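**Student:** Spelled out from the first residue to the last, the chains are:
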Amino acid sequence: MNRSLRPSLRAARPLAVLGVAATLLAAGCSSGGSGTAPGDPANGGTPQQGGSVTFAMPPNATPNWIFPIATPGHTQAYNGTIRQQVFLPLYVYDGTDTSKPDVKAGAAELPKYSEDGKSVTITMKDDLTWANGEKVTARDVEFWFNLIKANKEKWATYNEGQFPDNIAKFTLVDDKTFTMDLTQAYNPDWFTANQLTRMSPMPQKAWDIQEAGGQVGDYDRTPEGAKKVFDYLIGEAGKLSEYATNPLWKVADGPFTIKEFTTTGQVTLAKNPKYTGEDAAHLDTVTLKPFTSAQAELNVLRSGGVDYGYLPALALSQQKTIESMGYKVEPWDGWAITYIPYNFNNPEMGPVFKQLYIRQAVQMSVDQDTIARVIWHDQATPGYGPVPQVPPGSYLGEKQKTNPYLFDLDKAKALLTSHGWEIQNGVATCTRPGGGDDQCGEGVEQGTQLKFQLLTESGSTETDNTMQELQSSLSKIGIALSIKSEPLNSVLDHSPVCKPEEAACSWQLSFFGTQGSWYYPAYPSGEDIFAGDAGTNLGSYSDPKADELVKASTSSTSPTAMQDYSSYLAENLPVIWMPNPAYQVSAIKKTLGGVVQDPMAGMTPQRWYLVK
Amino acid sequence: MTASVPSPVVAAQPAPVVGPYRRMVRLFFANRLAVTGLVLLALLLLFCFVGPLVHPTDQIHTQLADANLAPGVKGHPLGTDDVGRDVLGRLMVGGQTSLEIGIAAGLLATLIGTVWGAVAGYTGGWLDAIMMRVVDAGIAIPALFLLLVSATIFRPTVTTQILIIGCVSWLVPARLVRAEALSLRSRDFVQAMMAMGGSHRRAVFRHIIPNAIGTVVVNATFQVADAILLVAYVSFLGLGVAPPATDWGAMLSNGISYTYDGYWWLIFPAGIAIILVVSAFNCIGDGLRDSFEVRLQGR
Amino acid sequence: MTRFLAKRIGQALVVVALVTVIVFLLLHTVPGGPARGILGPQATAAAIAAFNHEHGFDRSLPEQYWMYVSGLLHGDLGASYTLNQSVSSLIEQRIPKTLVLTGLSTLVALLVAIPLGVWQGRRRKGLTDYFITTLVFIGYATPVFFLALILVIVFAEKIPILPVQAPQAETLAGLFADSRGLVLPILAGAIASVAVFSRYMRSAVLDNLAEDYVRTARAKGASERRVVWLHIMRNSLTPIVAMLGYQLPVLFSGALVIESVFNYPGMGLLFWNAAQTSDYPILLGAVLVIAVATVIGSLIADILQAFIDPRVRGAIK
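Residue numbers (numbering that gives the first Met the number 0), protein chains in the order written: chain E, 0 to 611; chain S, 0 to 298; chain B, 0 to 316.
One should not assume that every hint holds.
Within a straight-line C-alpha distance of at most 20 Å, the following computed EDC-like cross-link-like pairs (lysine to aspartate or glutamate) qualify [to be verified]:
hint, chain 1, residue 1, chain 2, residue 2
1, E, K238, B, E156
2, E, K175, E, E141
3, B, K157, S, D260
4, E, K475, S, D65
5, E, K151, B, E53
6, E, K124, E, E277
7, B, K6, S, D65
8, E, K226, B, E53
9, E, K550, E, D164
10, E, K319, B, E156
11, E, K153, B, E53
Keep in mind that the hints were calculated from the coordinates and are not lab data.
Owing to the predicted nature of the structure, the values given are computational and were not obtained by experimental measurement.
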């Protein structure tokens with residue numbers, strides 16, 4: 000039976016947060032074709048062609064967009080997953096190997112960068128065609144680029160200075176090839192993983208239209224024309240109920256087409272008979288089912304109603320039951336980090352948070368191993384820095400590989416007392432203000448008390464308990480933590496990037512990571528979260544050296560740039576590092592093969608197959 | 000007034016001033032359910048507020064190494080919860096919160112409702128019309144919505160919970176008292192006082208409210224019972240008091256997540272405690288109502 | 000009677016207008032606004048500004064309210080921020096299901112509570128009265144989510160005869176096709192209501208037993224049965240009818256909890272999910288629909304009351 004009766008409280012998955020991944024992955028992620036090999040002993044059968052599979056989407060995931068350019072409010076994770084099956088992005092990554100794109104799943108061959116890293120040349124694949132018979136050409140990419148360039152502020156993924164601002168010139172070389180001159184040198188890994196993945200060829204010969212019933216032209220080549228074309232296409236994209244019928248969306252180049260797309264969020268993908276690439280679908284249809292709550296999904300799973308579903312973490316005690324019903328249960332690790340940002344601009348606690356020794360004391364009070372084991376039932380991995388801890392790769396710095404701040408309450412307390420804090424009535428109080436080595440630090444006034452306020456996401460017992468544990472250990476070193484829980488969206492509403500004088504800056508600490516705080520694109524650099532001017536640097540962390548290292552990680556070609564960045568932030572603690580929960584604990588029918596649980600939360604259903 | 004208590008209205012006797020009250024007390028104590036309720040409540044109060052002296056536990060710190068221990072293990076008579084706190088001790092502090100919020104919020108609601116209803120009923124006319132439309136509107140909005148919104152504005156402490164719950168549940172007493180006030184207004188003694196030039200404030204506070212006291216007191220008991228239940232719902236929806244504090248509703252809804260692990264000690268003690276305390280208040284209220292009805296009849 | 004009706008309808012309109020003001024003000028004074036939650040943390044300042052502009056959050060509160068009300072007057076409840084649908088179509092899909100759930104559980108509750116209340120009222124202070132009163136108090140004092148849990152443990156786990164999940168069908172017909180799944184949710188809703196209704200009924204019967212007309216009827220030699228079932232019960236129904244009208248928001252709150260526990264895709268679940276995602280238009284729409292229903296409910300209750308109870312009728316004229 001349904002184990003967690005606590006209703007849909009767990010429902011709100013951080014779609015918004017995943018949205019980050021989604022758009023960056025918009026192009027999507029897909030596997031290198033590895034996965035469960037046919038004839039896998041676990042499956043013990045022979046792969047079949049054809050058949051149908053049902054996949055359970057997370058609670059409240061309601062896909063609502065199909066057009067390859069997402070406007071704000073349309074960045075939910077599953078929009079990207081669905082779109083990349085129909086309209087192939089230029090490049091797709093699979094999080095099990097973040098070092099290079101999964102070429103088979105994308106629309107182009109590997110990019111070639113110039114020696115100086117200031118230009119990139121890309122050749123489209125030879126064998127891809129649109130459903131109307133036209134070849135997929137470089138012109139189709141230019142069409143996408145022109146629309147983005149003229150309408151960038153309406154593009155949900157636009158960040159000033161990044162794509163398309165960092166492209167000085169887009170040149171068509173021939174039918175299949177184009178070159179982009181960049182405004183500066185970039186790290187090729189970063190540029191491919193975090194910028195090129197956003198590009199997606201669109202059928203210019205079918206979509207370059209300014210109004211309903213209009214003629215196809217080269218309108219996108221003038222900014223005014225590009226605006227009109229964009230508005231027309233966005234208008235059509237808003238008609239969700241026509242996704243399965245509108246002739247525009249029939250011009251697909253991916254392994255699937257849309258067969259059903261309901262307003263409640265159910266989507267059925269059907270094998271695209273006109274697909275000409277080498278990554279054709281094995282299955283006839285794949286249905287993505289929406290659920291209002293995790294326990295609703297669990298009930299359906301228990302009745303065998305989905306082939307690929309998930310278990311809420313608390314329901315792990317049911318693993319045996321589920322397995323006996325012909326499923327295998329596997330955690331789906333996320334290419335993500337989980338953390339609690341400090342609001343360095345909070346007028347009361349900002350000066351306190353700016354003291355590194357305070358952040359060190361706090362970090363030493365987080366018993367990550369026990370939290371992961373007892374509270375998360377081993378479905379979370381301790382994290383020590385800005386790069387996802389698993390799977391371990393070449394991006395992890397030395398300092399982040401092992402925990403630089405081991406759980407040690409005595410040491411944590413000593414850090415406070417040696418800096419002029421005295422515990423009075425259980426709360427540390429500053430008795431020696433000033434900037435000296437044994438003093439509280441710059442800006443911390445005499446009599447300041449270490450009383451922190453934390454906003455946290457409601458609806459998850461694991462998260463509630465993690466915060467209680469944190470509160471308990473902090474209280475042992477003299478820090479009083481008061482907790483307020485709110486729905487995820489409210490937490491995000493209430494912890495914006497802010498200036499000290501703004502009323503919105505009253506938040507001090509904020510947690511929104513029940514399913515991971517931040518999902519990375521393949522290259523886990525920090526320009527969006529830890530750079531001083533980053534849009535999602537919620538706590539306004541600002542450190543010149545960190546800024547330098549972030550910049551180096553995106554623009555220098557040095558292979559150690561990421562490691563240096565990882566090591567420095569692991570020690571400098573821009574946030575409280577917390578254990579990173581699995582994306583989900585999946586239950587996959589044993590008769591379903593070819594599944595790769597992509598840590599970047601993408602899917603490659605074209606490679607799934609049924610075994611007999 | 001009822002079939003089973005034949006002619007309870009020994010009406011014409013001009014009783015001495017204390018008479019009706021003494022009678023009431025006697026009647027109340029003759030009501031077996033009411034007495035049971037009173038005894039139950041006394042026991043629960045003792046358990047929650049004196050219990051921690053007898054069974055001191057650490058309810059501030061978590062003890063992950065000792066999570067989910069079964070009753071009896073390591074000196075925990077009722078086991079431990081999912082972060083290793085002693086459940087028996089937690090039941091005591093949780094009960095303190097539930098009772099404090101419930102009683103205070105119930106009384107607050109009664110207070111607001113009584114004054115609102117008395118003023119509206121006594122004044123009548125357009126003021127009454129406006130005041131009662133506000134009450135109607137308040138009744139028409141699900142309390143849950145108000146609770147959800149307030150929870151995003153205020154930090155959930157015992158005080159804010161009292162204020163919020165008190166402010167969403169004063170509507171029913173307001174209607175009851177207004178009805179009472181309407182009928183009292185036309186009574187001779189109020190009319191007489193008005194004729195002698197008494198102030199309106201005096202009329203409301205010296206005459207209307209004291210004479211509606213029966214309705215008010217009985218309703219207050221039920222309000223407290225309902226407020227305790229409401230506290231439980233609020234916690235169930237994840238909007239309850241912040242940890243390390245807790246209340247019975249929060250304990251119950253947290254325990255429900257572990258139903259299929261067989262951790263019954265996380266569910267039933269808190270659930271039964273809620274049922275006992277709410278029933279106790281309802282029994283007392285019922286007994287009081289019977290007593291007051293007799294007194295009114297006697298007047 | 001016409002004057003009475005006109006007056007009551009006028010009052011009802013005032014109440015609905017008040018509700019829109021209160022609900023709107025409350026939602027729109029919540030600090031921060033919904034933009035960041037809806038658009039996600041990666042949203043740029045420009046995207047947030049665009050969202051706020053599109054939904055009018057950059058205007059003054061009275062202006063926003065006026066925009067909302069003028070939409071309402073044209074029958075437009077707005078569109079959901081997250082579900083790509085208009086609020087009215089969402090409510091249209093969900094409301095029949097919630098009506099089925101609450102309607103059936105109220106019906107079951109009444110069928111049990113009315114005879115129970117009458118019976119108890121007549122045997123006041125007897126042992127059975129105490130016994131039933133105790134049961135009723137316990138039923139009343141049990142939080143619905145706890146009750147639902149116990150029902151699930153007993154009827155789906157220990158004696159597995161009923162499914163734990165409510166039917167998930169899109170249509171009402173589909174709902175009834177899987178009627179076994181409806182039993183537990185309806186039972187959970189009914190038990191809580193029985194307690195309330197039977198208490199009201201009991202005290203109403205007690206009051207009526209003392210009334211003159213009962214004595215008259217008895218004096219005239221009417222059989223006890225006739226007195227009880229015809230006279231007393233009819234007149235005792237009045238408070239129940241009056242209460243039903245005002246019971247709607249309470250029933251809705253109960254429905255929310257029950258729908259969540261049994262994953263019943265009704266209004267309650269829609270409302271709860273909207274609260275999680277700060278989907279203001281849905282919250283506003285749902286509260287408004289309930290408020291209007293309550294106001295109409297109490298109006299009908301008043302009129303019905305007039306028909307059932309001749310004394311009330313006199314008072315109205």
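**Student:** All hints are to be evaluated individually against the structure, with a verdict given for each.
**Tutor:** Here is what the structure says about each hint:
1. Between K238 (chain E) and E156 (chain B), the direct Cα distance comes to roughly 45 Å. Violation of the 20 Å bound is thereby established for this hinted pair.
2. For a cut-off of 20 Å, the pair hint linking K175 (chain E) to E141 (chain E) stands: about 11 Å separates their Cα positions.
3. Our distance criterion of 20 Å between C-alpha atoms is met by K157 (chain B) and D260 (chain S), whose separation comes to about 14 Å.
4. For the hint pairing K475 (chain E) with D65 (chain S), the CA-to-CA distance comes to about 18 Å; that is within 20 Å, so the pair holds.
5. Pair hint K151 (chain E) plus E53 (chain B) holds up; C-alpha atoms about 18 Å apart against a cutoff of 20 Å.
6. Restraint check for K124 (chain E) and E277 (chain E): satisfied, since their Cα atoms lie roughly 10 Å apart, inside the 20 Å limit.
7. The hinted pair formed by K6 (chain B) and D65 (chain S) fails the criterion: a straight-line CA distance of about 65 Å is larger than 20 Å.
8. For the hint pairing K226 (chain E) with E53 (chain B), the CA-to-CA distance comes to about 19 Å; that is within 20 Å, so the pair holds.
9. Between K550 (chain E) and D164 (chain E) the alpha-carbon distance is near 16 Å, which keeps this suggested pair within the 20 Å criterion.
10. A threshold of 20 Å between alpha carbons decides the hint, and for K319 (chain E) with E156 (chain B) the separation of about 17 Å falls inside it, so the pair holds.
11. For the hint linking K153 (chain E) to E53 (chain B), the alpha-carbon distance of about 13 Å falls within 20 Å, and the restraint holds.
Hint compliance for this structure: hints 1, 7 are not met, and every other hint is.
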